[in-house]
Amino acid sequence: DQQVKQNSPSLSVQEGRISILNCDYTNSMFDYFLWYKKYPAEGPTFLISISSIKDKNEDGRFTVFLNKSAKHLSLHIVPSQPGDSAVYFCAARPSGNTPLVFGKGTRLSVIA
Amino acid sequence: DGGITQSPKYLFRKEGQNVTLSCEQNLNHDAMYWYRQDPGQGLRLIYYSQIVNDFQKGDIAEGYSVSREKKESFPLTVTSAQKNPTAFYLCASSTSSSYNSPLHFGNGTRLTVT
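The listed protein sequences derive, respectively, from chains A and B. Residues in the first sequence are numbered consecutively from 33, following our numbering. Residues in the second sequence are numbered consecutively from 10, following our numbering.
Isolated chain A, as found in the complex:
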């Protein structure tokens, strides 16, 4: 049973526009959420995180929104750049030092 779901396997966006990647979760004990970016044949790199006490966290062009009642989070990238083309993984974990649970990823293509 998947606890972290990324229902869109792929997304195409024009350069300069906004990219919105979505993630849903089922475990109400999750209280720390992260987004990772991954290029082919490389390890994922940490992008941005949010804890459950917040509903928004911003870092440059990247903003993560958390809606706890809907068990939904999203990553906004504005403006999108060709170098943002990668697979994005949503991850979550409950409180305590437990391993992250990852979604299946969304492949973002930013078209020039």
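It should be emphasised that the hints constitute simulated quantities derived from the structure, not laboratory data. As the structure is a prediction and not an experimental result, all values here were calculated from the model. Cβ atoms here follow ideal geometry from the backbone N, Cα and C, with glycine treated the same way. There may be inaccurate statements among the hints.
Claimed, not checked - Just a few of them, taken from the derived set where beta-carbon distance is under 7 Å, the chain B residues facing chain A:
id	residue
1	Gly-51
2	Leu-52
3	Leu-54
4	Ser-58
5	Thr-104
6	Pro-111
7	Phe-114
8	Gly-115
Starting from the known structure of chain A, fit chain B onto it as the hints suggest.
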């Protein structure tokens, strides 16, 4: 520069052979993890270790074994019992001192078993 080193980047083995994937970190992190990535499957946890000489099974531990004799090293052995060993294997680490600490990943080892 601190980081996680996985070696080799590509590994080829014949079916029936055990193979060990190396993972070394110099970040002084307490916790280390092994994930497997398959197309369309995301990252699935194989084993993790939060302290030296201790480790726990993840979601897909069958056919794998690990050891954690040193803080900086967490090798993964893919045994002949693993039914579908061909995959991209990722090692990660994190500090245990902070709850909200992200994982840092190595660049992975692609294992092909024929």
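Exercise. Which numbered hints turn out to be false for this structure?
Worked result: Result: hints 4 and 5 break, sorted rising.
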